[in-house]
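Listed below, chain by chain, are the residues.
There are 6 protein chains.
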Amino acid sequence: MSDHPISRFDVPDLDELPDDIRARILAVQEKSGFIPNVFLAFARRPAEFRAFFAFHDALMDSDTGLSKAERELIVVATSASNNCLYCVVAHGAILRIRAKNPLLADQVATNPAEADLTDRERDIVDFALRVAHDSANVTDDDLAAMRAKGFTDDEIWDIGAITALFALSNRYASVVGIRPNDEFYGMAR
Amino acid sequence: MSDHPISRFDVPDLDELPDDIRARILAVQEKSGFIPNVFLAFARRPAEFRAFFAFHDALMDSDTGLSKAERELIVVATSASNNCLYCVVAHGAILRIRAKNPLLADQVATNPAEADLTDRERDIVDFALRVAHDSANVTDDDLAAMRAKGFTDDEIWDIGAITALFALSNRYASVVGIRPNDEFYGMAR
Amino acid sequence: MSDHPISRFDVPDLDELPDDIRARILAVQEKSGFIPNVFLAFARRPAEFRAFFAFHDALMDSDTGLSKAERELIVVATSASNNCLYCVVAHGAILRIRAKNPLLADQVATNPAEADLTDRERDIVDFALRVAHDSANVTDDDLAAMRAKGFTDDEIWDIGAITALFALSNRYASVVGIRPNDEFYGMAR
Amino acid sequence: MSDHPISRFDVPDLDELPDDIRARILAVQEKSGFIPNVFLAFARRPAEFRAFFAFHDALMDSDTGLSKAERELIVVATSASNNCLYCVVAHGAILRIRAKNPLLADQVATNPAEADLTDRERDIVDFALRVAHDSANVTDDDLAAMRAKGFTDDEIWDIGAITALFALSNRYASVVGIRPNDEFYGMAR
Amino acid sequence: MSDHPISRFDVPDLDELPDDIRARILAVQEKSGFIPNVFLAFARRPAEFRAFFAFHDALMDSDTGLSKAERELIVVATSASNNCLYCVVAHGAILRIRAKNPLLADQVATNPAEADLTDRERDIVDFALRVAHDSANVTDDDLAAMRAKGFTDDEIWDIGAITALFALSNRYASVVGIRPNDEFYGMAR
Amino acid sequence: MSDHPISRFDVPDLDELPDDIRARILAVQEKSGFIPNVFLAFARRPAEFRAFFAFHDALMDSDTGLSKAERELIVVATSASNNCLYCVVAHGAILRIRAKNPLLADQVATNPAEADLTDRERDIVDFALRVAHDSANVTDDDLAAMRAKGFTDDEIWDIGAITALFALSNRYASVVGIRPNDEFYGMAR
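Residue numbers (my numbering), protein chains in the order written: chain A, 288 to 476; chain B, 288 to 476; chain C, 288 to 476; chain D, 288 to 476; chain E, 288 to 476; chain F, 288 to 476.
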């Protein structure tokens, strides 16, 4: 499989990149053992690279309110509903790690209604899917319903914001044609 | 109309904001004569505010390749297809200004097929709408077709990226419930 | 913009028209200051012209039960959901006038869920959109629900009938390719 | 079955009706042997009754260009796609009579792609279904394609207009809940 | 109409068929007076013929729990929603016979919401249509709701299983292009 | 995870089953090391068990024309498009084995357009997805197009038939609530 291109667009060499971007990429390589292709594909556009990972870090590296596993659950559920291969495969691996559960990512990607979710997780996924596909009809009543289930305003914002970020990410990945690294598929099975 | 809230979430006071964010807001107020509500609504989350406007500036303030009017055309067409009131009303006003055309924004928001578009503009809008609603099925052939029509790789990337950014923006605006300022509706008619 | 055709079909000269049709057209020109293109496009077919405007007058010129503004609200909401440029632009202008509100037409055309509607107006729009897109599933229970909200049988009939008339009108306008007069866009802003 | 109401709304007595409407109803009863329920249901609103049947007569009683059977074919195909029971059952009977074919109405109502249609009939049905469900995307190219297949402008207008009239009629019938007379089901089998 | 092919694939001669299949076909011909085309079309593949009719007999020839008319009602409703001409026409005839009602099949095929159904029949049809088109979202709650309405587990299984069998049958019939015998259309009118 | 029920319906004990069914189940257990839950769930209905596995064996155990991997490819692609967890997880494992490719099942389940498919495989998947979701519009032209690409009539029949069988299987699995065995998820990764 190694002969498939990782992007439909030219990918810059690491040593041509601005220092901050190269440093970020080397750090993730150090930690993961490989460079996830999304870093290389986005590096073609340094300003967008910085904005994307700033968004990502603000929303995905926090565990205030929503846990990190819950955040990845939103990513996998909404990305699968958008049929985004990169996001489902890469974040499926991360979800298996974060949730310490080898089955959950495949379940949520295939059919959230049949996944082994707690009530809270199901509420999160249901709200995220509405935002992903029918955000124009999210009303005050929907927010009131979430608050009545015990979600804080910051948790509700986070569900909406993570869904929004991966609405962006799914479209970038599909247009740019970012190929998921083979390493992700078997990780934490 | 002035008694409608501008967001479903608490909006911080200007003087509580980090300096860079307050400065950006005051600059836009100085230039426009009012503060577009998206700035106040996003200010609740400084990291997301910075990431969003970094993305915005990278994609919307350029006129290399796509003109600024073409960029706004993508925003209005895709935001209307997502029924996002804030984005259609605010960027409709900007499109009227950028395109020096008082009719185009309403046409594109209502029905791109009936809008007064050049062939190039129609190709841009058609590709953007595919990315907005069926990005998973964008293939190498679609990119080849765009290149055959004369679009550069950077222009194709920009159409995809702007569409992706407003996929994010539309969902943020609808969940957060950002109300378009009354000023936008009548601007540049 | 003046060089765009007003119809995809031949448009007869005013002086070739039957007297009643020419008189109607001159009367609207006298009142509005211009001839809305729908009159000229329909004039190609006198019998259909007469039937259409008889329907229109019976349903839109009344203010028994539904107010005239409520009637226009139905037209703008359902025509926007059918992406009919002529009907949205022309009746958007009339709605701004009837409702004495410069924002409402753009709101309802873009996203009824975010429009500044009273509960009664929202009920009217919701029922109209069901009739526009899923009339086969309107049941006795739906009518009972409307009656329980205080709507009379004549009001319910009118919502259904106006929606039905513009289901016709939207399809005529889109097939015939009737161009909205430039005058409508800026009216009553 | 005779105890099912013929409308969800009050139906006036024949002798309460304006003379022209009563005369029309008695004429159809004379000719058909029964009063189709659409006449009684619409009689509640004389102005709409007159406008509807004026439209109907202008479009359905002609055989210039499109034959009467082709006109009924449009009605059955588009009404079935809108799941309108009255229109499918009543006009299915008329189509069997006009086309002298006991199978065609059921075929077209169930699946136009499997119906025994000539190429010309298939072109008519395909165009009508586009107008019924996606009229906003009918373009100059679509009309050019129809002309290239040999359709005159008046034939194209008629296909669009008949589809539009039954877009209206289907919604009226479904909201009003007009019950097809039992007589229609077995007619011309 | 007799010159239309009964299948898009070669149909074997009766005397080339395995004995059990020929015997089954002759038996149905004896009983019905003609050979329904589904038997001849499936005979091309003896193993699939046997599996299909074994399934059919297990699910359609029983009247334990669901009556035979209720079973046919499921077939007509779901096959119509899949626009399968063979299944609607052939099983429409059987439904008219089983239900001793000449109107019901056309009603259910055109619009279940307007059909003359008992509450129990409506519950059956509604559940069947959900299974036909959104089975992935059938949950424990849906089964609990059916049980609360008085359906036994075997009845619920049967509704699901019959719907599943005709999901198969509709796709076979449409791909293979099985033509409904002319005899079915007028049967039991 | 072991405490999740394997079916929403009662599952019979192995020793209560008819001999042929118990023998089949013990044979698969011998071969696979565990009993796939579909066997236990279907055992509740012996006649349907026999018919289902007769269909399955006729269509899935052959490698005449379509290879076994191609047959599983159809199952995974169409089952994923129906969001059927059991079929995607169980047949995903089988596809990894048959195709000797640890990535293909996840790719096809998530987005066929981004999967590593040969042209022939892509044609098979595209035709299967049309049959799965729009079989009523499969026409003579579609079959001619497949033949022109080199597919034999038996191969085309097989693609349609396998798709039809899993249209059935997906609906059974989702209504019955058959839980995929944990063993499938990590198999052949």
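Each hint should be verified, as a subset may be incorrect.
Note: identical chains are not told apart, hence a pair may lie in one copy or across any two.
Taking lysine to aspartate or glutamate and the EDC-like style, the derived pairs with C-alpha atoms no more than 20 angstroms apart in a straight line are [stated by the list, open to error]:
#  : residue 1 : residue 2
1  : 318       : 441
2  : 387       : 300
3  : 355       : 344
4  : 355       : 440
5  : 436       : 307
6  : 318       : 406
7  : 387       : 470
8  : 436       : 302
9  : 387       : 429
10 : 355       : 469
11 : 436       : 335
12 : 387       : 290
13 : 355       : 335
14 : 318       : 413
15 : 355       : 441
16 : 318       : 297
17 : 387       : 306
18 : 436       : 348
19 : 318       : 440
20 : 318       : 306
21 : 318       : 421
22 : 387       : 427
23 : 318       : 428
Read the hints as simulated data drawn from the structure, not as lab findings.
Going down the list of hints, with the structure as the test:
In this homomeric assembly, residue 318 and residue 441 never come within 20 angstroms of each other (Cα to Cα): the closest approach is 30 angstroms inside a single copy and 32 angstroms across copies. Within a single copy, residue 387 and residue 300 get their C-alpha atoms no closer than 35 angstroms, and across copies no closer than 33 angstroms, so neither meets the 20 angstroms cut-off. Taking identical chains as interchangeable, the C-alpha atoms of residue 355 and residue 344 lie at most 20 angstroms apart only when both belong to the same chain, with a minimum of 11 angstroms there against 30 angstroms between chains. Taking the shortest Cα distances, residue 355 and residue 440 sit within 20 angstroms of each other inside one copy (17 angstroms), while across copies they are farther apart (36 angstroms).
Proximity of residue 436 and residue 307 under a CA criterion of 20 angstroms is satisfied in neither setting, with 42 angstroms inside one chain copy and 36 angstroms between copies. With identical chains, the CA atoms of residue 318 and residue 406 are never at most 20 angstroms apart, being 34 angstroms at best within one copy and 38 angstroms at best between copies. Taking the shortest alpha-carbon separations for residue 387 and residue 470, both the intra-copy value of 18 angstroms and the inter-copy value of 17 angstroms come in at or below 20 angstroms. When the C-alpha separation of residue 436 and residue 302 is checked against a cutoff of 20 angstroms, the pair qualifies neither within a copy, at 50 angstroms, nor between copies, at 33 angstroms.
In this assembly of identical chains, the alpha carbons of residue 387 and residue 429 never lie at most 20 angstroms apart, being 31 angstroms within a copy and 31 angstroms across copies at closest. Taking the closest pair of Cα atoms, residue 355 and residue 469 never come within 20 angstroms of each other, the shortest separation being 23 angstroms inside a single copy and 24 angstroms across copies. Taking the shortest alpha-carbon separations for residue 436 and residue 335, neither the intra-copy value of 36 angstroms nor the inter-copy value of 26 angstroms comes in at or below 20 angstroms. Within a single copy, residue 387 and residue 290 get their C-alpha atoms only as close as 32 angstroms, which misses the 20 angstroms cut-off; across copies the closest is 18 angstroms, which meets it.
When the C-alpha separation of residue 355 and residue 335 is checked against a cutoff of 20 angstroms, the pair qualifies only between copies, where the shortest distance is 18 angstroms, while the shortest distance within a copy is 24 angstroms. In this homomeric assembly, residue 318 and residue 413 never come within 20 angstroms of each other (Cα to Cα): the closest approach is 33 angstroms inside a single copy and 40 angstroms across copies. Taking the shortest Cα distances, residue 355 and residue 441 sit within 20 angstroms of each other inside one copy (14 angstroms), while across copies they are farther apart (35 angstroms). Proximity of residue 318 to residue 297 under the C-alpha cut-off of 20 angstroms is found in neither arrangement, the shortest distances being 25 angstroms within a copy and 38 angstroms between copies.
Proximity of residue 387 and residue 306 under a CA criterion of 20 angstroms is satisfied in neither setting, with 35 angstroms inside one chain copy and 41 angstroms between copies. When the C-alpha separation of residue 436 and residue 348 is checked against a cutoff of 20 angstroms, the pair qualifies neither within a copy, at 24 angstroms, nor between copies, at 42 angstroms. Proximity of residue 318 and residue 440 under a CA criterion of 20 angstroms is satisfied in neither setting, with 33 angstroms inside one chain copy and 32 angstroms between copies. In the homo-oligomer, the alpha carbons of residue 318 and residue 306 lie at most 20 angstroms apart inside one protomer (18 angstroms), although the nearest pairing across protomers, at 34 angstroms, exceeds that limit.
In this assembly of identical chains, residue 318 and residue 421 lie within 20 angstroms of each other by CA distance neither inside one copy nor across copies; the values are 37 angstroms within and 34 angstroms between. When the C-alpha separation of residue 387 and residue 427 is checked against a cutoff of 20 angstroms, the pair qualifies neither within a copy, at 35 angstroms, nor between copies, at 26 angstroms. With identical chains, the CA atoms of residue 318 and residue 428 are never at most 20 angstroms apart, being 43 angstroms at best within one copy and 36 angstroms at best between copies.
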